[in-house]
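Novice: Sequence:
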Amino acid sequence: MTRQIVLDTETTGLSAENGDRIIELGCVELFNRKLTGNDLHIYFNPERESHEDALKVHGLTTDFLRDKPKFGTLANDIVEYLRDAELIIHNAAFDVGFLNKELELAGLPPLRSFVSEVTDTLAMAKSVYPGKRNSLDALCDRFGVDRSNRTFHGAKLDAQLLADVYINLTRGQDALLIDVATDEPKQGAVLVVDLRTFELPVLSAAEHELAAHEEVLVQLDKSSNGRTLFRKIGEMAVA
Numbered sequence: 036m037t038r039q040i041v042l043d044t045e046t047t048g049l050s051a052e053n054g055d056r057i058i059e060l061g062c063v064e065l066f067n068r069k070l071t072g073n074d075l076h077i078y079f080n081p082e083r084e085s086h087e088d089a090l091k092v093h094g095l096t097t098d099f100l101r102d103k104p105k106f107g108t109l110a111n112d113i114v115e116y117l118r119d120a121e122l123i124i125h126n127a128a129f130d131v132g133f134l135n136k137e138l139e140l141a142g143l144p145p146l147r148s149f150v151s152e153v154t155d156t157l158a159m160a161k162s163v164y165p166g167k168r169n170s171l172d173a174l175c176d177r178f179g180v181d182r183s184n185r186t187f188h189g190a191k192l193d194a195q196l197l198a199d200v201y202i203n204l205t206r207g208q209d210a211l212l213i214d215v216a217t218d219e220p221k222q223g224a225v226l227v228v229d230l231r232t233f234e235l236p237v238l239s240a241a242e243h244e245l246a247a248h249e250e251v252l253v254q255l256d257k258s259s260n261g262r263t264l265f266r267k268i269g270e271m272a273v274a
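The sequence shown maps to residues 36 to 274 in our numbering.
None of these hints come from the bench; they were simulated from the model. There's no promise every hint is true.
[To be verified] Here are the simulated BS3-like cross-link-like pairs (lysine-lysine), alpha carbons at most 25 Å apart as the crow flies:
(1) Lys191 x Lys103
(2) Lys191 x Lys69
(3) Lys136 x Lys103
(4) Lys69 x Lys105
(5) Lys105 x Lys91
Let's have the full structure, built from the sequences with the hints guiding it.
Specialist: So this is what it looks like as structure tokens:
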């Protein structure tokens with residue numbers, strides 16, 4: 036089974052090519068479509084200010100990021116964490132573009148050279164819900180995913196929300212669980228129950244119920260010229 040990493044980033048702006056940098060990386064690991072708890076969350080010092088509009092979105096100030104590590108110092112560790120995984124990203128082109136630029140600056144190969152594939156949940160949602168709003172917020176609302184704690188966009192929180200959205204979007208299950216017992220029935224498995232262990236009570240019909248039933252049968256006899264199927268089955272059972 037492919038190891039999956041649900042990934043999100045926050046950045047100083049919208050253009051990696053024009054010098055904007057990643058300031059936060061959030062990753063949530065799934066295995067067999069279950070949360071493992073082996074997550075990754077890092078803030079980075081981008082060595083530049085965030086654009087005003089970006090700061091309104093993520094709320095990560097220059098003062099907060101000043102003592103955080105630079106991406107290049109942890110790039111190899113990030114590559115090893117992501118290696119061979121399927122990445123699940125909402126609007127993947129944006130995050131992949133920024134990650135590739137950071138890897139390039141660190142002298143490392145691009146993302147697709149060491150991950151198994153990249154799955155874009157925005158493209159998936161557009162194919163399932165064409166013409167509808169398919170932002171992460173809209174999908175959370177559509178699937179009933181709780182985002183009440185989301186004051187600012189945060190990479191780790193958004194990755195957690197996206198993991199729940201992805202499971203709902205791919206119809207695998209309704210909730211994400213950690214350390215699920217391995218003896219639970221697998222989806223699609225047939226659960227065999229020995230009915231011999233059950234004692235089913237037999238409830239006899241009351242006299243008024245029997246009389247009402249007989250009245251219905253008499254009416255059916257008249258309309259079917261005596262060919263009431265219920266009576267014939269009863270006769271066959273007695274015989």
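Novice: Now, for every hint given, state plainly whether the structure supports it.
Specialist: Structure-based check of all given hints:
no. : hint            : verdict
1   : Lys191 x Lys103 : 16 Å, holds
2   : Lys191 x Lys69  : 17 Å, holds
3   : Lys136 x Lys103 : 19 Å, holds
4   : Lys69 x Lys105  : 31 Å, violated
5   : Lys105 x Lys91  : 22 Å, holds
Hint check: a violation occurs at hint 4 only; the rest are consistent with the structure.
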